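Q: Read off the chains here:
Protein chains: 2
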Amino acid sequence: MSKIIWLIVLSGLAFVLGYNLNSNSPTNIESTSNISTKTFNWKMVTTWPPNFPIFQEGIVQMAKDIEVMSNGKLKIQVFAGGELIPSLQTFDAVSQGTVEMGHGAAYYWAGKVPEAQFMSSVPFGMTTKGMNAWLYFGGGLELWQEIYEPFNVIPFPAGNTGIQMGGWFNKKINSIDDLKGLKMRIPGIGGKVLAKAGGTPILLAGGEVYTALERGTIDATEWVGPFHDYRLGLNRAAKYYYYPGWHEPGTSFELIVNTEAWEELPAYLQKIVEIATYSVNQRIYSEMEVRNIETLKEIEDKIEILAFPAEVLSKLKYLTQISLDEEAEKNPKFKKVYHAYKKFQQDNAAWSAISTDAYGKL
Amino acid sequence: MSKIIWLIVLSGLAFVLGYNLNSNSPTNIESTSNISTKTFNWKMVTTWPPNFPIFQEGIVQMAKDIEVMSNGKLKIQVFAGGELIPSLQTFDAVSQGTVEMGHGAAYYWAGKVPEAQFMSSVPFGMTTKGMNAWLYFGGGLELWQEIYEPFNVIPFPAGNTGIQMGGWFNKKINSIDDLKGLKMRIPGIGGKVLAKAGGTPILLAGGEVYTALERGTIDATEWVGPFHDYRLGLNRAAKYYYYPGWHEPGTSFELIVNTEAWEELPAYLQKIVEIATYSVNQRIYSEMEVRNIETLKEIEDKIEILAFPAEVLSKLKYLTQISLDEEAEKNPKFKKVYHAYKKFQQDNAAWSAISTDAYGKL
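Taken in order, these protein sequences are the chains called A and B. Each residue of the first sequence is one higher than the one before, counting from 30 in my numbering. Each residue of the second sequence is one higher than the one before, counting from 30 in my numbering.
Derived from the structure by calculation, the hints contain no laboratory data. Incorrect hints may appear among the rest.
Note: identical chains are not told apart, hence a pair may lie in one copy or across any two.
[Stated by the list, open to error] Think about it this way: if two alpha-carbon atoms lie no more than 20 Å apart in a straight line, the pair counts; the simulated EDC-like pairs of lysine to aspartate or glutamate are:
1) Lys364 with Asp354
2) Lys209 with Glu178
3) Lys371 with Glu327
4) Lys104 with Glu243
5) Lys225 with Glu289
6) Lys346 with Asp386
None of these values were measured; they are calculated from a predicted model.
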């Protein structure tokens with residue numbers, strides 16, 4: 030799921046209105062002799078709509094926790110997408126120091142940093158368990174820091190959606206041919222893969238998805254999972270819910286911090302921020318799981334859940350590899366991250382096969 | 030895995046030597062007018078051997094992080110099992126205020142608080158994902174707090190092993206009858222289940238497992254997973270490695286804090302401790318995954334990995350339900366937690382079936 034179009038609309042609006050990203054300057058440039066008594070007033074912008082459940086709520090909670098932990102020495106004012114700057118300018122705003130912090134997902138910056146997509150999610154990639162293992166102890170985070178370093182941005186894993194569902198469809202998908210001509214709201218690499226399968230990926234803002242699906246302007250849409258999908262009413266707009274998800278198996282969010290702002294923080298506040306990112310990473314994921322569990326239980330008798338046939342999934346997997354290989358051919362930075370990711374994913378798969386996957390079959 | 034016997038030996042030794050758990054008093058009883066400038070010097074005892082990889086190392090790192098985050102206002106000296114008190118007296122020591130904090134797993138106190146076992150792991154229970162979801166957002170942690178409240182102890186989830194392997198065997202297990210007479214090192218409810226299947230659970234300290242298995246004193250043993258097992262040399266002591274694990278599918282660790290000590294902390298230090306437990310919970314799990322991935326890759330060609338037949342697992346599952354039901358009949362507190370756990374596990378299973386489990390089969 031992404032709210033890319035919604036964000037693009039806001040971005041364009043802001044551009045038309047002449048919004049100047051650089052009109053603010055950081056508020057914490059002055060220094061004091063006693064670093065531990067200094068108060069920092071920071072701003073964070075996010076890519077989420079105001080009050081967006083779990084994601085925006087989760088990062089607002091993290092900001093509150095940081096203020097409490099720092100005994101009021103680090104205050105972070107959080108702005109949802111569009112409240113201060115357009116959502117999709119979050120990365121640039123942090124990079125340029127307009128704000129000190131941002132929260133979103135790395136694939137939103139695919140146009141600028143294509144290889145960063147591996148730090149959020151790629152089709153047929155790793156689930157949350159593997160993503161966190163790779164990022165924290167498998168070399169992923171170091172690669173991520175390297176990728177963002179030229180942009181003056183420091184990344185931290187900060188939330189995970191778990192597996193996103195494959196989407197709502199107005200017809201059954203019995204073979205790969207059923208994807209031909211299918212108009213589906215699906216962004217990113219997943220959309221590219223659908224296009225390779227003969228379908229038409231459509232970009233639509235969240236607010237438009239229900240009506241488009243219900244009126245037949247699109248034939249299908251993915252969004253997030255049972256909880257967020259139900260809130261959008263998608264169960265009433267389409268006939269079938271397909272599973273499992275294949276295009277975003279464990280989307281990781283990021284907290285990004287401007288490098289100069291980071292370096293101005295005393296060590297204890299840096300540590301408070303770092304440790305707080307672990308908490309939001311764990312909390313958003315666990316809350317996603319619980320809300321999806323609850324919602325599924327509530328709606329499972331009212332919807333029809335089907336599986337994509339193995340042949341369809343196998344073809345989509347093949348087309349994903351083609352897509353990623355093509356990008357790697359063009360872009361050495363992408364290739365480097367892709368290979369590191371793929372190697373860890375393979376090793377992780379061998380272990381998962383005899384642990385979680387085997388246990389899941391009991 | 031547990032190091033129960035090793036711990037019992039140390040406990041006994043300490044008892045013989047007349048070790049007095051109550052000989053120390055908390056160091057932070059005095060109060061100052063400016064609470065935020067006060068320094069707290071706390072002690073933490075753990076159930077792990079000194080320098081035990083990932084577990085002891087992880088909690089030592091958390092203590093260091095807390096000291097940095099608090100700008101030196103909360104210093105925690107960490108003692109491994111036996112360094113200050115016997116490992117299995119960790120809960121009592123925290124309960125009585127001999128030390129302010131402890132780190133271990135709730136099933137170590139099964140003799141005193143049987144229902145707490147659900148807060149660590151039970152056979153055929155939830156994996157790490159489900160445990161964290163239940164504890165943080167599904168009502169589990171509130172139940173846990175309620176269980177420990179009479180003991181003056183506040184619990185926090187603080188680490189997870191992931192799925193533990195089913196163990197090393199010197200013969201193939203082709204049917205449930207092959208478990209009859211089998212001498213296996215396996216503690217806790219898993220051991221009770223083995224006994225119901227006609228086997229003989231043996232309690233052995235970690236240091237004795239290798240020799241016992243290699244010499245045929247025992248026929249089989251479980252320990253943790255590839256990483257810890259390999260360090261113990263179990264791959265050289267037994268012929269077969271069976272999977273998947275069934276008896277500890279996602280063992281959660283706990284940080285426990287003495288209630289009075291907790292209440293003396295100012296709010297900002299309480300929040301620092303709370304948020305730090307999320308970090309150690311995430312870090313221990315992710316590090317376990319990565320070390321298991323690396324070790325499996327290194328040894329997979331040198332060992333034989335087999336699966337328990339479906340009939341064996343199905344019988345073990347049945348015997349687990351019998352064991353838990355029996356305990357619930359005798360103990361209303363156990364029954365209450367068991368039912369809450371089971372309900373969440375069932376709902377969680379419905380969601381996992383169409384998300385992680387389905388994806389794991391792709």
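Q: Next, verify each hint and record whether it holds.
A: Consistency of the hints with the structure:
In this assembly of identical chains, the alpha carbons of Lys364 and Asp354 lie at most 20 Å apart only when taken from the same copy (8 Å versus 54 Å across copies). Taking the closest pair of Cα atoms, Lys209 and Glu178 never come within 20 Å of each other, the shortest separation being 41 Å inside a single copy and 60 Å across copies. For the identical chains of this complex, Lys371 and Glu327 are inter-copy neighbours only, at 18 Å across copies versus 37 Å inside a copy, given an alpha-carbon limit of 20 Å. For the homomeric pair Lys104 and Glu243, neither the shortest alpha-carbon distance inside one copy (44 Å) nor that between copies (59 Å) is at most 20 Å.
Taking the shortest alpha-carbon separations for Lys225 and Glu289, neither the intra-copy value of 42 Å nor the inter-copy value of 63 Å comes in at or below 20 Å. Taking identical chains as interchangeable, the C-alpha atoms of Lys346 and Asp386 lie at most 20 Å apart whether they share a chain (19 Å) or sit on different chains (18 Å).
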